[in-house]
Amino acid sequence: MSHPARWIAIAVAVVVVGIGVVLATQVGSDPRADTTTSQLVGGPAPRLALRDLDGHTVDSTSLTGKAVIVNFWNTWCVPCQEELPALQSFAASHRNDPDVAIVGVVRDDTKPTVRDYVKAEGIGWTIAMDPGSQAALAFGTRGQPETFAISPDGIVAGAQIGPVNEHSLEKMLAAARRQGT
Amino acid sequence: MRRVLPWAALGVVVLVVLAWAAWPDGGTATPRERARDLATELRCPDCEGLSVADSSTSSARAIRADLRRRLAAGETEDEVRRAYVDRYGESILLKPEGRGLGVLVWGLPVVVFVLGAGGLALALARWRREPQLHATAADEALVDETRRSDHA
Chain Y
0 MSHPARWIAI AVAVVVVGIG VVLATQVGSD PRADTTTSQL VGGPAPRLAL RDLDGHTVDS
60 TSLTGKAVIV NFWNTWCVPC QEELPALQSF AASHRNDPDV AIVGVVRDDT KPTVRDYVKA
120 EGIGWTIAMD PGSQAALAFG TRGQPETFAI SPDGIVAGAQ IGPVNEHSLE KMLAAARRQG
180 T
Chain B
0 MRRVLPWAAL GVVVLVVLAW AAWPDGGTAT PRERARDLAT ELRCPDCEGL SVADSSTSSA
60 RAIRADLRRR LAAGETEDEV RRAYVDRYGE SILLKPEGRG LGVLVWGLPV VVFVLGAGGL
120 ALALARWRRE PQLHATAADE ALVDETRRSD HA
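Those protein sequence lines, which keep their order, are chains Y and B. Per numbering that gives the first Met the number 0, the very first residue in the first sequence carries number 0; after that it's consecutive. Per numbering that gives the first Met the number 0, the very first residue in the second sequence carries number 0; after that it's consecutive.
If you anchor each label on the Cβ, the simulated ranges turn out as follows: (1) Ala48/Y to Val12/B: 52 to 60 Å; (2) Ala8/Y to Arg81/B: 34 to 42 Å; (3) Val77/Y to Val11/B: 55 to 63 Å; (4) Val16/Y to Arg1/B: 36 to 44 Å; (5) Glu81/Y to Arg35/B: 35 to 43 Å.
What the hints contain is simulated information worked out from the structure, not anything from laboratory work. Ideal placement from N, C-alpha and C gives every residue a C-beta, glycine not left out.
Start from the sequences and build out the full structure, keeping to the hints where you can.
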């Protein structure tokens, strides 16, 4: 070997390029990019024990037997505002379905603001306040909006980070129903 | 010997700095201090790049409170990290773990350093072996004669 230093330099370059290719294809630059779905999918859903806008308890144990869509949102989040029509359409489609429930969980917001918004937008499903972000913490949310579908037997069947549309909501509901059978 | 002394001194300095950085702190940290240290290792779920310790979002505040509660209840740092990885995924950790792809992140600088140092040592040894050329009296005379004939 006439130029060992050159070969070593080439070896270092090959190693660095090879590992760079591996890292580029395996790990996204956005720390959230490698989590397109929740770690909770397939496992038991955390219990929700919150209060609604009137102070009544919202307890997920009372929803056992129903497929539940849990939607984390707040009034000032623009994507949350964008997805609202889809949620309203979905709620209207399943208004008469006793086996489907929707629970909106609000954090980083004030009750009067939320109450005014709910009234102005005609939101008809249960809205619960999460003032200490405990529910958000339990669900491992990464911001809002984030939506989970829970099967009738309490398993997280689907999750979506970012605004939902009617198609994704129906897909999550179907997954929740399949999980429960 | 004189040539080795600067390298030896550099090596001693490097070892001292590494030892100082890695030396464990004296005394037992409180759960609050341990929670604060752990908070610097976790990424705020709501924001890119900020640690839970540095973020002021409600998620970060909730996580900080949860860390204090868990550590006060007797959970170890590893158990808490594992719980958060199970909930949020590996990306919740600001520092990659030392397994899986994390091995590449931690190991690559060491590999590159070792290979680079080895290459440099080989290059230096090679340069030292190369013959030193000295002009002889005959060479000097030939150059002088050539210069004279150029000026003439």
